[in-house]
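Put together the whole structure using the sequences plus the hints.
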Amino acid sequence: MPETGLEAGAGVAISRYAPPQAATAAFHRTLAMMRSGNPALKESTFLDLGSGTLVQGDAGAMTLNGTVNKTAMLLVLTLAGALFTWSQFSAALAAGNPGAVMPYVWGGAIGGFIVALVTVFKKQWSPFTAPLYAVLEGLFLGAVSAMFELRFPGIVIQAVGLTFGTLAALLLAYRSGLIKATENFKLGVVAATGGIALLYLVQIGLQLFGFKGMGFIHDSSLLGIAFSGFVVVIAALNLVLDFDFIEHGVEQGAPKYMEWYAAFGLLVTLVWLYLEILRLLSKLQSRN
Numbered sequence: 001m002p003e004t005g006l007e008a009g010a011g012v013a014i015s016r017y018a019p020p021q022a023a024t025a026a027f028h029r030t031l032a033m034m035r036s037g038n039p040a041l042k043e044s045t046f047l048d049l050g051s052g053t054l055v056q057g058d059a060g061a062m063t064l065n066g067t068v069n070k071t072a073m074l075l076v077l078t079l080a081g082a083l084f085t086w087s088q089f090s091a092a093l094a095a096g097n098p099g100a101v102m103p104y105v106w107g108g109a110i111g112g113f114i115v116a117l118v119t120v121f122k123k124q125w126s127p128f129t130a131p132l133y134a135v136l137e138g139l140f141l142g143a144v145s146a147m148f149e150l151r152f153p154g155i156v157i158q159a160v161g162l163t164f165g166t167l168a169a170l171l172l173a174y175r176s177g178l179i180k181a182t183e184n185f186k187l188g189v190v191a192a193t194g195g196i197a198l199l200y201l202v203q204i205g206l207q208l209f210g211f212k213g214m215g216f217i218h219d220s221s222l223l224g225i226a227f228s229g230f231v232v233v234i235a236a237l238n239l240v241l242d243f244d245f246i247e248h249g250v251e252q253g254a255p256k257y258m259e260w261y262a263a264f265g266l267l268v269t270l271v272w273l274y275l276e277i278l279r280l281l282s283k284l285q286s287r288n
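Under the working numbering, the first residue of the sequence shown carries the number 1, and numbering increases by one thereafter.
Check before you lean on any hint, since a few could be wrong.
Distance condition first, Cα-Cα at most 20 Å in a straight line; then the derived EDC-like pairs of lysine to aspartate or glutamate [said to hold, decoys possible]:
#, residue 1, residue 2
1, Lys256, Asp244
2, Lys186, Asp244
3, Lys283, Asp219
4, Lys186, Glu247
5, Lys186, Glu251
6, Lys180, Asp219
7, Lys283, Glu149
8, Lys283, Glu183
9, Lys180, Glu247
Since the hints were made in silico from the structure, they are not lab data.
Written out as structure tokens, the structure is:
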């Protein structure tokens, strides 16, 4: 079927967007690896490193309900940012200038990564940095999702549904004991996440120096689809590490701000999973 002018414009927009998409996917893989870099998730994550004792502070201890509430708040902020840039893309497209949203794409991607790094290394700041990260990621996701929706109608609702369906299924499997975060499981997921992050960072480096790099990462060949499917599986399994992290934090009486940090970690994984599902679906639909 021949492309319409709008579809062609969307194709150009997605093509221009590809570099920040690859960079952001790599950033989220790297962040996932950094968050879970200790495959045993030792108690030291929740300790005052100076005294070796658990620190709760005046605000009290981390709770499961508190973490769930913080996660919901971050998702709402992400949605708000996404709706804003989605509307901006629609307006820019109507004006014949879809590239006008690229500052939101780059700003959200790079700004989100910087804020995420600060959060990883300054966990006690997470009550402030986690909401900021959610808004920035929302700006990025809204513009990117609108581009893909124009090119592949219906793809966004499919990707969102699959993302939260995967979250629900893995949470049920984890709570029922069907999936357990054993030491070998953690080591395997962390190693695979690190390997994928390294592969994407190498790809970005090659592109910066003018080399084509590994085409299967982005193309819709059978190898490209298989690669994206593998990455989706690894991203999903990182959710199990998040569940285990939250459970350990609650059991050990982690400080209250760790609710925000745990919610941030879960959001990082969900954003990564959504991007990878979106990429996989676009590859599958482009073959039709």
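> Are the Cα positions of Lys283 and Glu149 separated by 20 Å at most?
Replying inline: holds (13 Å)
>> For Lys186 and Glu251, compute the direct alpha-carbon distance and say whether it is at most 20 Å.
In response: Holds, because 19 Å separates the two Cα atoms, which is no more than 20 Å.
> Between Lys186 and Asp244, is the straight-line Cα distance small enough, at 20 Å or below?
Replying inline: The given pair, whose Cα atoms are some 10 Å apart, holds under the 20 Å limit.
>> Given the hinted pair Lys186 and Glu247, is their Cα-Cα distance within 20 Å?
In response: holds (15 Å)
> Is the straight-line distance between the alpha-carbon of Lys180 and that of Glu247 20 Å or less?
Replying inline: holds (12 Å)
> Between Lys180 and Asp219, does the CA-CA distance stay at or below 20 Å?
Replying inline: violated (34 Å)
>> Does Asp219 sit within 20 Å of Lys283, going by the straight-line distance between their CA atoms?
In response: holds (7 Å)
> Is the Cα-Cα distance between Lys283 and Glu183 20 Å or less?
Replying inline: violated (34 Å)
>> Would the hint linking Lys256 and Asp244 be met if the CA-CA limit is 20 Å?
In response: holds (17 Å)
Taken one by one, the earlier hints fail for this structure at numbers 6, 8, listed in ascending order.
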